[in-house]
Amino acid sequence: VLQISCPWCGERDETEFHYGGQAHVPYPADPDALDDAEWAQYLFVRDNPKGPFSERWCHSAGCRRWFNVVRDTATHRVLASYEIGAPVPEVGT
Amino acid sequence: MSSRLPRGGRIDRSRSLGFAFDGRAYAGHPGDTLASALLASDVRVIGSSIYRGRPRGVMSAGPEDPGALVQVTLGGGSEPMLRATEVELVDGLEAEGLAGRGRLSAETEPAYYDKRYVHCDVLVVGAGPAGLAAADVAAAAGARVMLADSQPELGGSLLDGPAEVDGHPALDWVAGVAGRLAAAPEASVLTRTTALGVYDAGYVVLAERRTDHLGGVPLPGVARQRLWHVRARRVVLCPGAHERAPVSPATTAPASCWPPPRVPTSSAGRSLRGVAPSSSPPRQRLRGGAELRPRRNRRGRDRRCPPGAGELAPPGTEVLAGHAVTATHARRAWRASR
Numbered sequence: 001v002l003q004i005s006c007p008w009c010g011e012r013d014e015t016e017f018h019y020g021g022q023a024h025v026p027y028p029a030d031p032d033a034l035d036d037a038e039w040a041q042y043l044f045v046r047d048n049p050k051g052p053f054s055e056r057w058c059h060s061a062g063c064r065r066w067f068n069v070v071r072d073t074a075t076h077r078v079l080a081s082y083e084i085g086a087p088v089p090e091v092g093t
Numbered sequence: 094m095s096s097r098l099p100r101g102g103r104i105d106r107s108r109s110l111g112f113a114f115d116g117r118a119y120a121g122h123p124g125d126t127l128a129s130a131l132l133a134s135d136v137r138v139i140g141s142s143i144y145r146g147r148p149r150g151v152m153s154a155g156p157e158d159p160g161a162l163v164q165v166t167l168g169g170g171s172e173p174m175l176r177a178t179e180v181e182l183v184d185g186l187e188a189e190g191l192a193g194r195g196r197l198s199a200e201t202e203p204a205y206y207d208k209r210y211v212h213c214d215v216l217v218v219g220a221g222p223a224g225l226a227a228a229d230v231a232a233a234a235g236a237r238v239m240l241a242d243s244q245p246e247l248g249g250s251l252l253d254g255p256a257e258v259d260g261h262p263a264l265d266w267v268a269g270v271a272g273r274l275a276a277a278p279e280a281s282v283l284t285r286t287t288a289l290g291v292y293d294a295g296y297v298v299l300a301e302r303r304t305d306h307l308g309g310v311p312l313p314g315v316a317r318q319r320l321w322h323v324r325a326r327r328v329v330l331c332p333g334a335h336e337r338a339p340v341s342p343a344t345t346a347p348a349s350c351w352p353p354p355r356v357p358t359s360s361a362g363r364s365l366r367g368v369a370p371s372s373s374p375p376r377q378r379l380r381g382g383a384e385l386r387p388r389r390n391r392r393g394r395d396r397r398c399p400p401g402a403g404e405l406a407p408p409g410t411e412v413l414a415g416h417a418v419t420a421t422h423a424r425r426a427w428r429a430s431r
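So the protein sequences, as listed, match chains A and B. 1 is the number of the first residue of the first sequence in my numbering; add one for each residue after it. 94 is the number of the first residue of the second sequence in my numbering; add one for each residue after it.
Hints were generated in silico from the structure; no laboratory data involved. Mixed in with the good hints there might be a few duds.
To be verified - Using 20 Å as the maximum straight-line C-alpha spacing, the simulated EDC-like pairs for lysine to aspartate or glutamate come out as follows:
hint : chain 1 : residue 1 : chain 2 : residue 2
1    : A       : K50       : A       : E16
2    : B       : K208      : A       : D13
3    : B       : K208      : A       : E90
4    : A       : K50       : B       : D293
5    : B       : K208      : A       : E16
6    : A       : K50       : A       : D72
7    : B       : K208      : B       : D135
Claimed, not checked - Beyond 12 Å from chain A on every Cβ pair, some chain B residues (computed):
hint : residue
8    : D135
9    : G146
10   : Q164
11   : G221
12   : S281
Ideal Cβ positions, reconstructed from N, Cα and C, are used throughout, including at glycine.
Hey, can you work out the whole structure from these sequences and the hints?
This is the structure:
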């Protein structure tokens, strides 16, 4: 069970949160200009790094707010959490 | 008839407890495990192997024992696949040896079980010398400390024989640490508690056995076992080490005298609570006239004895590098160290 630090509530167990996938995936500026392959790329294809990974979490059993977390996918360590819209913080691994 | 030593071990010889094993009545003392009480009564064969029915007995003094599997009936409940080395002896306990598998009880479970979720600064797993020292220092620093150990009393390997800490008897030091932990406002000590797993971010699950040592009678309002979910800032693992028995071809030879007495590990001889199983074991007849012949060690050197190990051996020890166990002989029983 991970321990995740909500920017508003502090450290809580993973069971209070809901996962939201990779963070920082911008909506296409002009969706009509994309062909099917590019649209599928935007919808479905995500990074799968070994190491620090920015992802969205929602504190669904707490303040119900969305925020971003940097998690090391190899060690399951939560390296940082930050608000939506903020830049990715520098993390030492 | 009895292999019980006149003194030593962590048992109370002034009181006697009656129990039954495979339908026969025996007696032991408070402080015995089922394994030590059976060995003291010269019961060597606990169960048998699962497919070929070879005899199996006590190999160790703890949770690592592969042979001494029993089904225990106590207080209206029957539980399979317990290790005799882990069952605390109580009056009226009934046990039977198993052949590698047991039966779940069809009766309704009379006891109940609960769980707790807690947080602490430091969780120490194991209350031997290392764990006690870690918990003592952390508690003195004002941290919220939890100390968990699977044994009924604190001390770990210090309970096995004469030892010293800082020039004083080790058990005096253990009692001192226990007193300081009891007095510390934020420290808690859990005995008869086994750590089941360490998970992400200091999450540890512990299982505490709370009533079996009191006679197994379900107590109103007291759970038989409790599962602790602990989130600790720091986890200190001091579980000790398990000795591995030397592997030999006798492990699989169908005719061997195996295991009573298969060579129990030497540390088990120290931990088995004042028992010296010293009489001759029942000799197993060689089936089909098979014999164990010493076999050349194909690997060329003993896996347990790397080059240079001789320098670490105590003076007077003969080190046989490049040797392996090729057979075991059971004409003489093993002797406990005290």
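Each hint tested on the structure:
{"no.": "1", "hint": "A:K50 x A:E16", "in the structure": "25 Å, violated"}
{"no.": "2", "hint": "B:K208 x A:D13", "in the structure": "17 Å, holds"}
{"no.": "3", "hint": "B:K208 x A:E90", "in the structure": "39 Å, violated"}
{"no.": "4", "hint": "A:K50 x B:D293", "in the structure": "17 Å, holds"}
{"no.": "5", "hint": "B:K208 x A:E16", "in the structure": "19 Å, holds"}
{"no.": "6", "hint": "A:K50 x A:D72", "in the structure": "7 Å, holds"}
{"no.": "7", "hint": "B:K208 x B:D135", "in the structure": "40 Å, violated"}
{"no.": "8", "hint": "D135", "in the structure": "49 Å, holds"}
{"no.": "9", "hint": "G146", "in the structure": "44 Å, holds"}
{"no.": "10", "hint": "Q164", "in the structure": "34 Å, holds"}
{"no.": "11", "hint": "G221", "in the structure": "28 Å, holds"}
{"no.": "12", "hint": "S281", "in the structure": "21 Å, holds"}
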